[in-house]
Amino acid sequence: MIANLNIVPKQAQVKKQIIALGGGGFSDDPGNPMLDLYIIVQSGKPKPRICFLPTASGDAIDYIEKFYKAYERLPAIPSHLSLTKGKTNVRRLESFILSQDIIFAGGGSPRLIMKVWRKTGMDKIIRKAWRRGIILSGMSAGAMCWFSDVLSNPKDDNNFKRISGLGLLTGSLCPHYNNRGELRKAFSRLIAQGELDNGFGVEDSCALHFTGRELHKVVSAYPSAKAYTVRKAGLKASTRKIKFIYLGAD
Numbered sequence: 166m167i168a169n170l171n172i173v174p175k176q177a178q179v180k181k182q183i184i185a186l187g188g189g190g191f192s193d194d195p196g197n198p199m200l201d202l203y204i205i206v207q208s209g210k211p212k213p214r215i216c217f218l219p220t221a222s223g224d225a226i227d228y229i230e231k232f233y234k235a236y237e238r239l240p241a242i243p244s245h246l247s248l249t250k251g252k253t254n255v256r257r258l259e260s261f262i263l264s265q266d267i268i269f270a271g272g273g274s275p276r277l278i279m280k281v282w283r284k285t286g287m288d289k290i291i292r293k294a295w296r297r298g299i300i301l302s303g304m305s306a307g308a309m310c311w312f313s314d315v316l317s318n319p320k321d322d323n324n325f326k327r328i329s330g331l332g333l334l335t336g337s338l339c340p341h342y343n344n345r346g347e348l349r350k351a352f353s354r355l356i357a358q359g360e361l362d363n364g365f366g367v368e369d370s371c372a373l374h375f376t377g378r379e380l381h382k383v384v385s386a387y388p389s390a391k392a393y394t395v396r397k398a399g400l401k402a403s404t405r406k407i408k409f410i411y412l413g414a415d
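236 is the number that this note's numbering gives to position 71 of the sequence shown; each next residue is one higher, with no gaps.
Hints were generated in silico from the structure; no laboratory data involved.
Quick caveat: nothing in here was measured; it's all calculated off a predicted structure.
Note that the Cβ used here is the ideal one computed from N, Cα and C, for glycine as well.
No incorrect hints appear here.
Keeping only pairs whose Cα atoms sit at most 25 Å apart, straight-line, the calculated BS3-like set for lysine-lysine is:
#1 231 with 212
#2 293 with 181
#3 212 with 293
#4 406 with 391
#5 284 with 250
#6 350 with 406
#7 280 with 293
#8 181 with 408
#9 210 with 293
#10 293 with 250
#11 250 with 289
FRET-style restraints, in silico, Cβ to Cβ:
#12 258 with 403: 39 to 49 Å
#13 408 with 377: 16 to 26 Å
#14 283 with 226: 21 to 31 Å
Work the whole structure out from these sequences, hints included.
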């Protein structure tokens, strides 16, 4: 069922990787670990160290518990960092993050994740980790944050609007593209208005895999889970489906 999980580039040739999930994975679809396994395999290690950053959720305990429940059953060494509660030591944070093979940023509030990471210096540490070849991954807000343009949550701003992301990747990303109609419409509207840069619409259980700053491939845990390019076309936004690899194909 997971024959395609080993479709990986040689690690010596890939220095920087970002894997951005539209949704799914351990938190939304624990019964299907394909995307989680795909992320693990990209490290090239039999049991990589993976650190969960649940910042966007306010370090929700139940979210952290879901992560451990899933990853303790997978070939990985899981850990997590809570940044919204208590004081943080930048040197210790950096030392710990740079000892990891994979970073996974969880979903929640895009504004919160960017605010806390900048306040704690995690944004700079993440950039250093990426430059060193530590895999960056995440879902929902934790997938949007890697881009230059991020679509905020109306719960934070009373309306959808652009906020600045880390800028490791140019453009923007809309997660949950298949089941969050209000998010999808706002994303297209802001791109059409020129307030958001062109980007990607990514459905749940689908992921974009970037090497360097370029899209390397799109992978999916279900044959129906897809991703799209979303670009400004005059006064509208146009979408085009991206070719993807179904990880469960024989």
